[in-house]
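Chains as they are written, first to last, in our numbering: chain G, 2 to 365; chain U, 2 to 365.
No wet-lab data here; the hints were simulated from the structure.
Just so you know, not all the hints are guaranteed correct.
Pairs count within a copy or across copies, as identical chains cannot be separated in the list.
DMTMM-like, lysine to aspartate or glutamate: derived pairs with alpha carbons at most 20 Å apart [stated by the list, open to error]:
1) K270 x E137
2) K117 x E133
3) K184 x E160
4) K117 x E129
5) K266 x E84
6) K181 x D193
7) K85 x E307
8) K351 x D140
Each chain, letter by letter, is given below.
There are 2 protein chains.
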Amino acid sequence: MTGHIRPPGNIYSRRLSITKESFRKRGVEGFLVTDIHNVRYLSGFSGSSGFLFITRKENIFATDFRYKEQSEKEVEGWEILIEKGDGVKLIKSLCQKNDIKKLGIESSVSYIFFNKLCKTGLYVHPFEGLIEKFRETKDVSEITAIKEAIRRAENAFIEVKPYIRAGAREISIALRLEEKLKKKRCRHIPFDIIVASGTNSAMPHAKPTEKKLSPGDLVIIDWGGEADGYFSDMTRTLLMKGDNLNKKKEIYQIVLEANKSAISKIKPKTKSPEIDSYAREVINKAGYGNFFGHGTGHGVGLQVHEAPRITWNKREIIRENMVFTIEPGIYIPGLGGVRIEDIVAVRQEKCEVLTSLPKNLEVI
Amino acid sequence: MTGHIRPPGNIYSRRLSITKESFRKRGVEGFLVTDIHNVRYLSGFSGSSGFLFITRKENIFATDFRYKEQSEKEVEGWEILIEKGDGVKLIKSLCQKNDIKKLGIESSVSYIFFNKLCKTGLYVHPFEGLIEKFRETKDVSEITAIKEAIRRAENAFIEVKPYIRAGAREISIALRLEEKLKKKRCRHIPFDIIVASGTNSAMPHAKPTEKKLSPGDLVIIDWGGEADGYFSDMTRTLLMKGDNLNKKKEIYQIVLEANKSAISKIKPKTKSPEIDSYAREVINKAGYGNFFGHGTGHGVGLQVHEAPRITWNKREIIRENMVFTIEPGIYIPGLGGVRIEDIVAVRQEKCEVLTSLPKNLEVI
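Can you make the complete structure from the sequences, with help from the hints?
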């Protein structure tokens with residue numbers, strides 16, 4: 002399919018062997034992959050409906066009629082089955098045919114699907130985050146795609162920047178940015194773009210409104226791009242010229258310091274809550290701890306929010322080639338908010354910041 | 002929030018009382034709503050993260066820090082709790098506080114979440130599609146929103162139509178259509194727009210490519226709009242002038258007849274597979290049964306695909322005020338495809354077709 006850069010086939014075979022090795026070690030004879038992002042990661046299928054049934058010897062990709070031709074183009078080295086209506090029946094018959102007594106499944110399946118599988122008499126064993134764990138560290142083709150997603154997002158922002166001025170409406174800026182992203186061949190916009198100004202910027206997940214940018218407004222812009230299925234995610238905050246800017250400038254500098262402090266500490270073997278605390282302590286010490294309620298970052302890849310989470314209550318060991326955001330913020334109701342978000346890739350002794358737009362305070 | 006037309010509060014209270022009555026009858030003292038569309042349906046919250054904890058006396062809405070301000074604006078008549086990190090703990094403590102011994106949950110929760118709830122010692126009982134069932138029939142405010150979503154989608158199409166001509170690329174038409182939808186205030190595009198021409202149109206879920214529209218191409222365009230959280234979904238197929246159009250014209254007429262035949266039979270108390278068979282028989286009789294592999298339709302509302310399904314292997318009784326698509330198709334590899342999709346609302350003795358763009362064959 003035009004525009005779809007296929008990584009070399011051996012990437013998929015490598016991912017598949019690691020998966021097989023992993024479930025074999027766990028004592029299951031077959032494994033069912035239902036999470037659509039994991040399906041894509043292992044098979045290359047970019048549609049929205051399909052599952053994988055993997056045994057030591059067999060690699061089966063099942064989808065429905067609608068994706069017949071697309072899967073034939075995208076999925077190499079898998080036997081393609083077109084299921085008609087009842088996936089559970091098909092899974093049962095595949096287990097019988099392949100003599101699978103214990104089938105591994107992903108614990109992200111719905112309870113109802115799990116229950117239906119059990120009712121067929123199959124012995125199923127749910128595993129949590131098995132393939133998500135592999136996806137935490139990115140290979141070269143994945144980092145290339147993420148870099149391209151960032152490049153598209155940053156270029157779109159640069160083109161829209163002249164329109165970010167007093168009098169422009171939040172919603173118009175968001176629409177213009179989205180249009181530019183689409184023109185730069187982002188097939189999917191990873192999330193609703195946030196353009197939040199003035200008191201709206203105190204809502205970390207504000208929706209763009211008809212509000213016009215006004216003097217003295219803090220303006221948070223949080224947006225992402227896409228390339229070959231991989232996403233980017235970043236935030237910049239601008240300040241509109243006006244009176245009484247001191248407190249706004251102050252919180253900007255604190256958030257910037259928190260962002261830099263966390264980034265400077267990222268390297269393999271660090272624990273994720275430590276990174277969170279490097280950002281959080283800067284904000285706590287400045288007396289704004291109560292105004293930073295969310296985690297410091299999250300992995301980015303085939304999903305815009307994926308493992309690892311960089312937060313206080315989820316512990317993960319940072320590994321080389323993990324890619325995640327660092328996005329501390331301070332949000333003060335009635336005044337406004339600041340968030341500065343970058344994407345980093347973990348390298349041997351430190352991290353590489355993949356996002357490149359300047360982050361010193363800009364008063365426009 | 003600007004642009005968000007709130008239905009009168011009593012709609013939410015009515016939905017909530019029906020829900021309470023329903024789980025009370027099933028012998029559970031509290032009910033947990035985790036599906037985000039069901040959360041919106043019952044509370045009006047339009048964000049992407051939150052759950053409802055409902056007992057006979059209490060209505061609790063829980064979300065995280067990011068949605069604090071938004072929920073205070075959108076959610077009326079609910080106690081708002083901001084959870085920090087661990088939803089399962091919060092649910093457990095709410096059950097203890099409210100003396101809930103048996104908690105109803107939605108069977109759409111993930112297996113892992115179900116398992117975590119069980120591990121806390123709670124006795125949970127999953128129910129399948131309880132609120133989805135209420136959502137199948139739409140009230141006046143919902144049908145108004147769907148009509149508006151259709152109006153936006155149809156107007157966007159009319160504006161883009163002059164650009165649908167030989168030489169135009171599929172992807173450019175799709176981007177232009179999306180841009181128009183956004184300009185018409187569709188906040189969310191319900192699915193990736195399909196513009197599939199020539200042999201690409203034989204894939205029911207084709208992605209737009211760089212291919213240019215050429216003489217003799219069948220061109221399937223499948224797109225949807227949005228208004229106030231409700232979606233629309235429709236398809237039209239055009240034929241480009243060219244040679245040897247007879248077979249293409251023939252399958253067009255068959256699909257059109259199938260579409261009309263199904264629509265003419267829709268009224269309350271019909272069974273959904275019957276409607277499917279009215280469309281399917283027309284296609285079968287014409288000898289193209291093997292080229293129509295998908296169901297005839299699906300409900301549309303807060304989700305673009307929801308209950309009821311209009312297909313051969315899922316039986317539902319049609320009720321007044323259900324809103325769903327009718328979209329038969331014929332897809333012939335190497336030649337091309339035709340799909341004609343409308344949205345209907347079921348009325349007392351028949352149905353009302355909500356989509357209004359002409360569907361007689363247009364050769365352009």
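Taking the hints in turn, this is what the structure says about them:
1. Proximity of K270 and E137 under a CA criterion of 20 Å is satisfied intra-copy only: 14 Å inside one chain copy versus 51 Å between copies.
2. In this assembly of identical chains, K117 and E133 lie within 20 Å of each other by CA distance solely across copies; the values are 19 Å between and 24 Å within a copy.
3. For the homomeric pair K184 and E160, the shortest alpha-carbon distances inside one copy (12 Å) and between copies (19 Å) are both at most 20 Å.
4. With identical chains, the CA atoms of K117 and E129 are at most 20 Å apart both within one copy (19 Å) and between copies (12 Å).
5. With identical chains, the CA atoms of K266 and E84 are never at most 20 Å apart, being 49 Å at best within one copy and 29 Å at best between copies.
6. For the identical chains of this complex, K181 and D193 are neighbours both inside a copy (14 Å) and across copies (17 Å), given an alpha-carbon limit of 20 Å.
7. Proximity of K85 to E307 under the C-alpha cut-off of 20 Å is restricted to the inter-copy arrangement: shortest distance 19 Å between copies versus 32 Å within a copy.
8. When the C-alpha separation of K351 and D140 is checked against a cutoff of 20 Å, the pair qualifies only within one copy, where the shortest distance is 17 Å, while the shortest distance between copies is 57 Å.
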